[in-house]
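Chain A is already provided as a structure; the job is to place chain B with the ligands on it using the hints.
Here's the letter readout for the chains.
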Amino acid sequence: MTYIAKPKFHHPGLKKNALGYTHRDYEGKISTLCAGCGHDSITASIIEACYELSIEPHRVAKISGIGCSSKTPDYFLGNSHGFNSVHGRMPSVLTGANLANRDLIYLGVSGDGDSASIGFGQFAHSIRRGVNMTYIVENNGVYGLTKGQFSATADRGSKSKKGVTNTDNAIDLVAIALQLGATFVARSFSGDKSQLVPLIAAAIGHKGASFIDVISPCIAFNNHAGSTKSFDYVREHNDAVNRLDVLVGRDPIAVDYAPGTVQVVEQHDGSKIALRKIDADYDPHDRLGAQTFLARHAAKGQIVTGLLYVDPEAEDLHEHLNTVETPLNALEADTLCPGSAVLDKINASLR
Amino acid sequence: MKPTDIAAPDYFHKVVDCQWACPAHTPVPEYIRLIAQGRYSDAYMINWKSNVFPGILGRTCDRPCEPACRRGRVEENPVAICRLKRVAADFKDDIRQRLPKPGPKNGKRVALVGGGPASLTVARDLAPLGYHCTVFDADPEAGGMMRTQIPKFRLPNSVIDEETGYILNLGVEFKGGHRIDSMKALLAEKYDAIFVGSGAPRGRELELPGRKEAAANIHIGIEWLANVSFGHVDKIGKRVIVLGGGNTAMDCCRTARRLGGEKVTVVVRSGFDEMKASPWEKEDAIHEDIPILNYMVPVAFKHVAGKLIGVTFQHVKAEYDAKGRRNLVPSGDPDQTIPCDDVLVAVGQENAFPWIEQDCGIEFDKWHMPKVDPKTFASTNPKVFFGGDAAFGPKNIIWAVAHGHDAALSIHKMLSGEAVDERPLPEVQISSQKMGIHEWSYDNDISPDKRYKVPHRDKVVALKDIRAEVELGYDVKLALGEAHRCLNCDVQTVFSTSLCIECDACADICPMDCITFTANGEESDLRQRLKAPSAHPDQDLYVSSDLKTGRVMVKDEDVCLHCGLCAERCPTGAWDMQKYFIEMTHAGSTCPTKSRSAA
Ligand SMILES: Cc1cc2nc3c(=O)[nH]c(=O)nc-3n(C[C@H](O)[C@H](O)[C@H](O)COP(=O)(O)OP(=O)(O)OC[C@H]3O[C@@H](n4cnc5c(N)ncnc54)[C@H](O)[C@@H]3O)c2cc1C
Ligand SMILES: Cc1ncc(C[n+]2csc(CCOP(=O)(O)OP(=O)(O)O)c2C)c(N)n1
Ligand code: SF4
Ligand code: SF4
Ligand code: SF4
Ligand SMILES: [Mg+2]
Numbered sequence: 001m002t003y004i005a006k007p008k009f010h011h012p013g014l015k016k017n018a019l020g021y022t023h024r025d026y027e028g029k030i031s032t033l034c035a036g037c038g039h040d041s042i043t044a045s046i047i048e049a050c051y052e053l054s055i056e057p058h059r060v061a062k063i064s065g066i067g068c069s070s071k072t073p074d075y076f077l078g079n080s081h082g083f084n085s086v087h088g089r090m091p092s093v094l095t096g097a098n099l100a101n102r103d104l105i106y107l108g109v110s111g112d113g114d115s116a117s118i119g120f121g122q123f124a125h126s127i128r129r130g131v132n133m134t135y136i137v138e139n140n141g142v143y144g145l146t147k148g149q150f151s152a153t154a155d156r157g158s159k160s161k162k163g164v165t166n167t168d169n170a171i172d173l174v175a176i177a178l179q180l181g182a183t184f185v186a187r188s189f190s191g192d193k194s195q196l197v198p199l200i201a202a203a204i205g206h207k208g209a210s211f212i213d214v215i216s217p218c219i220a221f222n223n224h225a226g227s228t229k230s231f232d233y234v235r236e237h238n239d240a241v242n243r244l245d246v247l248v249g250r251d252p253i254a255v256d257y258a259p260g261t262v263q264v265v266e267q268h269d270g271s272k273i274a275l276r277k278i279d280a281d282y283d284p285h286d287r288l289g290a291q292t293f294l295a296r297h298a299a300k301g302q303i304v305t306g307l308l309y310v311d312p313e314a315e316d317l318h319e320h321l322n323t324v325e326t327p328l329n330a331l332e333a334d335t336l337c338p339g340s341a342v343l344d345k346i347n348a349s350l351r
Numbered sequence: 001m002k003p004t005d006i007a008a009p010d011y012f013h014k015v016v017d018c019q020w021a022c023p024a025h026t027p028v029p030e031y032i033r034l035i036a037q038g039r040y041s042d043a044y045m046i047n048w049k050s051n052v053f054p055g056i057l058g059r060t061c062d063r064p065c066e067p068a069c070r071r072g073r074v075e076e077n078p079v080a081i082c083r084l085k086r087v088a089a090d091f092k093d094d095i096r097q098r099l100p101k102p103g104p105k106n107g108k109r110v111a112l113v114g115g116g117p118a119s120l121t122v123a124r125d126l127a128p129l130g131y132h133c134t135v136f137d138a139d140p141e142a143g144g145m146m147r148t149q150i151p152k153f154r155l156p157n158s159v160i161d162e163e164t165g166y167i168l169n170l171g172v173e174f175k176g177g178h179r180i181d182s183m184k185a186l187l188a189e190k191y192d193a194i195f196v197g198s199g200a201p202r203g204r205e206l207e208l209p210g211r212k213e214a215a216a217n218i219h220i221g222i223e224w225l226a227n228v229s230f231g232h233v234d235k236i237g238k239r240v241i242v243l244g245g246g247n248t249a250m251d252c253c254r255t256a257r258r259l260g261g262e263k264v265t266v267v268v269r270s271g272f273d274e275m276k277a278s279p280w281e282k283e284d285a286i287h288e289d290i291p292i293l294n295y296m297v298p299v300a301f302k303h304v305a306g307k308l309i310g311v312t313f314q315h316v317k318a319e320y321d322a323k324g325r326r327n328l329v330p331s332g333d334p335d336q337t338i339p340c341d342d343v344l345v346a347v348g349q350e351n352a353f354p355w356i357e358q359d360c361g362i363e364f365d366k367w368h369m370p371k372v373d374p375k376t377f378a379s380t381n382p383k384v385f386f387g388g389d390a391a392f393g394p395k396n397i398i399w400a401v402a403h404g405h406d407a408a409l410s411i412h413k414m415l416s417g418e419a420v421d422e423r424p425l426p427e428v429q430i431s432s433q434k435m436g437i438h439e440w441s442y443d444n445d446i447s448p449d450k451r452y453k454v455p456h457r458d459k460v461v462a463l464k465d466i467r468a469e470v471e472l473g474y475d476v477k478l479a480l481g482e483a484h485r486c487l488n489c490d491v492q493t494v495f496s497t498s499l500c501i502e503c504d505a506c507a508d509i510c511p512m513d514c515i516t517f518t519a520n521g522e523e524s525d526l527r528q529r530l531k532a533p534s535a536h537p538d539q540d541l542y543v544s545s546d547l548k549t550g551r552v553m554v555k556d557e558d559v560c561l562h563c564g565l566c567a568e569r570c571p572t573g574a575w576d577m578q579k580y581f582i583e584m585t586h587a588g589s590t591c592p593t594k595s596r597s598a599a
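Note that the protein sequences, when read in sequence, are chains A and B.
Count the first sequence with the UniProt record's numbering and you get residues 1 to 351, in order.
Count the second sequence with the UniProt record's numbering and you get residues 1 to 599, in order.
If you're looking for bench data, these hints aren't it; they were derived computationally from the structure.
In this text, all values refer to a predicted model and were calculated from it rather than measured experimentally.
Virtual Cβ for every residue (Gly too), placed ideally from N, Cα, C.
Fair warning: there could be bad hints in the mix.
Said to hold, decoys possible - Here are the simulated PhoX-like cross-link-like pairs (lysine-lysine), alpha carbons at most 20 Å apart as the crow flies:
#, chain 1, residue 1, chain 2, residue 2
1, B, Lys395, B, Lys276
2, B, Lys450, A, Lys8
3, A, Lys6, B, Lys450
4, B, Lys105, B, Lys282
5, B, Lys105, B, Lys190
6, A, Lys6, B, Lys531
7, A, Lys6, B, Lys434
8, B, Lys108, B, Lys175
9, A, Lys15, B, Lys531
10, B, Lys152, A, Lys8
11, A, Lys147, A, Lys162
12, B, Lys152, B, Lys323
13, B, Lys531, A, Lys16
14, B, Lys263, B, Lys459
15, A, Lys8, A, Lys159
What the hints assert, rightly or not - Ranges between beta-carbon positions, derived for each pair:
#, chain 1, residue 1, chain 2, residue 2, range
16, B, Gly481, A, Thr32, 26 to 32 Å
17, B, Asp546, A, Thr326, 53 to 59 Å
18, B, Leu472, A, Thr32, 57 to 63 Å
19, B, Ser498, A, Thr32, 26 to 32 Å
20, B, Glu283, A, Ser194, 30 to 36 Å
21, A, Arg59, B, Ser498, 42 to 48 Å
22, A, Ala280, B, Asp546, 26 to 32 Å
23, B, Asp289, A, Thr32, 53 to 59 Å
So here's chain A without its partners, still in its complex pose (with noise of 0.2 Å):
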């Protein structure tokens, strides 16, 4: 817990994105999770990304369920709309406002159990049909909020922090969503900013279900040894694929690679992602070929972090549905009820 109010004093020098506003201006309440909790740091790269790509705050929804990376969203973007949901039911409210609302920008945020036990079903489904969306899920390996019993993304093998080793198989989140479709699939880890920032600015870009497993130590309970979600585990163990900038708007940030080190792939929003590959090989426009990846680094023990999957040319629930594209809680009564007479028309239709 902390205690004294955030002074809103400011650093004299911080730089303004488009909108005039710092970094400082897209900060939320203080904080209350534990000190040095991974969250946090997630909070803060959330923070980051938004204010790079210079949203406006009104324009963002964040909608959480229950746990303490799902607190989070009262930590940032103060001046957002925020739905703080029942435990493992933030993606059915998403979905909901989505349809209802498809102006705006969805910022889904959960817990692993939150996400891997509870709302496992929610979680699949709200993949599966391709809601528009950055679904981030701090996932550090344990309930936190309920004082640190292993959850469903908990390595077997790995010690709870009073040693009692998992005996259950994990769940890897990752390997679920490119499985269900997921368009934009990304690992991070919250003690990585410089990785983790660009990934975000690129999910709230993309058009379609986006996810991001981010890592996160839980400082109380699962950041000891014998603990695979620990700093000096994720750190000793992470397999980084590439390294991403994301470009936005007219501010091209020079990109002085090796040649054939970078591939560009350009979004829906007309922004454009800078990936520096670290591993040749890596395509991340390979679905199949992420999968088979992710398998054979796991079962070396290796945390492969990065854009995993993108698709550039995905489609999403809107799409699929083909609704109108004046968002439905805009619509005039007499539009969205057209009457009995047209009711009549389309049962008709039906016989």
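Same frame as chain A, but now just chain B with the ligands:
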């Protein structure tokens, strides 16, 4: 960069910008916290130890600390450090019991020439150690220019009497009305040491046509102010011109307004912004309806049969040569004569040592200034020391005090048989401020308040009475608000590399983006890679040794609020907030010097 050596006493001292900038290195944040706690006497004593004249300086100090104050880099205005000092003086209890007592005499005699702040500081430091100090002053009372120059509406006599009294009561012998006319004669009296604190007593002349003829109404500023102070002068003409742009000019014009000057005008050669006077002095003059005309060079005093009628000025403009140096060249506008009844000339102050003979072993340089060691204040005669305005030309009270402390230390060392040029390190006390998980023994909540204005006496009333103090000082409530603006820069952020797990919590929470984890590099390179731009390269970077990931922690000290959020957010206690109390070592401090510990 190499890991920062925080054990070097200067490192954390520099972070306390105000204290570092104060010539006497007053522990400013410590006394401001005491004021916030209502412990005015304690706050006064901290000041008294460092700067000797808290009540006087709290009204008149040149405040080099304020432009340096960190708060001024965070928002518009620095903390009103100076006026808070006055609060300590105004609201303290009777502190006489807490002053040192005259020590048992050690048989050594020190003569001090001049009774200004420099000499009085030397006496203050030496008398409690048993030295017999004799202060000679040509004027009847102690205080030097603090008494004779600074107008009473800025500094009442009662404050001077009180604070010079504290020193004279230490068993210091004061010989008022006693001018020293010969250094040789003084040396012959076999004092063990002599301190020259005779100031810079001469006002600069302005030799222009008409100066001699109209002399009756042309006055040298500092002579005139002294005459006003002694009561020899109590009126002036209705129309007065003050020539010069320094603080003396500001005191002249404001004094003239109180002695019958209805139309008082200040005229300066340079631009308004380049004037030497402190901004607040200019503000106060303008507030008293005194126009300040700039870029006008006086060329002649106009008179009719020896009666002054005005001053003629040439209009000039500033031109910059290839080297960027400024020259004042005629603007081409026709000369202008401003009618007046009296002129006050305040165009500078000079040293003069007519009483120091050539063959006393005291060497002078080509500008007729004594050769003085800037560290020890010794002259080329090892028994004779200089300080205050007499040492390096006119400065101000707080510099005179700082010189006095250093000279006293030299005299004490010399007379204790120690090497004079071996200077002791400051005394440093370090203590963690952690009380509980998120509890600190200092108030770490940052006040957003803007600088509080000091209440002034109503102008009409103030201008009627030359002895009525203009500034009324903060009341307790205003003082508390102002005290809360201080950022506690002495409560240092101390980093332990071995404890850090590189979780980024501190970097994320820091409201000022001071903390960066990055690869090490040269300083100039590191400064390019900080989270927030480094605007002040004179502010240090605090660099850790290598962390587990091979990176280093770099903290730009520049705009740190000392709010302690990094330490609150750190899961391992790698950051701690530790109070560094740094105090200069004065003569006779218990802290052993190097040579003593070797003995
Ligand atoms: C008009 C004016 C206003 C000022 N206002 C401020 C201000 O607001 N704040 C500030 O910090 N500073 C101010 N100053 C500057 C400040 O007064 C001086 O810098 C300071 O007093 C210098 O102290 P000192 O001890 O060196 O000498 P002084 O204060 O000049 O004292 C020297 C003393 O030595 C005596 N003396 C000289 N020769 C002999 C001799 N041969 N024998 C015996 N006695 C002798 C003199 O009579 C005098 O009393 C002001 C100066 C002037 C002229
Ligand atoms: C319906 C329901 N079941 C159980 C709980 C108890 N509960 C609260 S948080 C939580 C687990 C949270 O884990 P995770 O999503 O990983 O969040 P973390 O705290 O680890 O960030 C559980 C089981 C609840 N709040 N609601
Ligand atoms: S319990 Fe764990 S997950 Fe929850 S706030 Fe603390 S460190 Fe973070
Ligand atoms: S904020 Fe306080 S401690 Fe810091 S420089 Fe200013 S007066 Fe000194
Ligand atoms: S909060 Fe503490 S442990 Fe975390 S990075 Fe900062 S100093 Fe290191
Ligand atoms: Mg969890």
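Here is what the structure says about each hint:
no. : hint                               : verdict
1   : B/Lys395 with B/Lys276             : holds, 12 Å
2   : B/Lys450 with A/Lys8               : holds, 13 Å
3   : A/Lys6 with B/Lys450               : holds, 18 Å
4   : B/Lys105 with B/Lys282             : violated, 48 Å
5   : B/Lys105 with B/Lys190             : holds, 17 Å
6   : A/Lys6 with B/Lys531               : holds, 18 Å
7   : A/Lys6 with B/Lys434               : holds, 19 Å
8   : B/Lys108 with B/Lys175             : holds, 18 Å
9   : A/Lys15 with B/Lys531              : holds, 10 Å
10  : B/Lys152 with A/Lys8               : violated, 42 Å
11  : A/Lys147 with A/Lys162             : holds, 12 Å
12  : B/Lys152 with B/Lys323             : violated, 44 Å
13  : B/Lys531 with A/Lys16              : holds, 14 Å
14  : B/Lys263 with B/Lys459             : holds, 16 Å
15  : A/Lys8 with A/Lys159               : violated, 42 Å
16  : B/Gly481 with A/Thr32: 26 to 32 Å  : holds, 30 Å
17  : B/Asp546 with A/Thr326: 53 to 59 Å : holds, 58 Å
18  : B/Leu472 with A/Thr32: 57 to 63 Å  : violated, 46 Å
19  : B/Ser498 with A/Thr32: 26 to 32 Å  : holds, 28 Å
20  : B/Glu283 with A/Ser194: 30 to 36 Å : violated, 50 Å
21  : A/Arg59 with B/Ser498: 42 to 48 Å  : holds, 45 Å
22  : A/Ala280 with B/Asp546: 26 to 32 Å : holds, 30 Å
23  : B/Asp289 with A/Thr32: 53 to 59 Å  : holds, 57 Å
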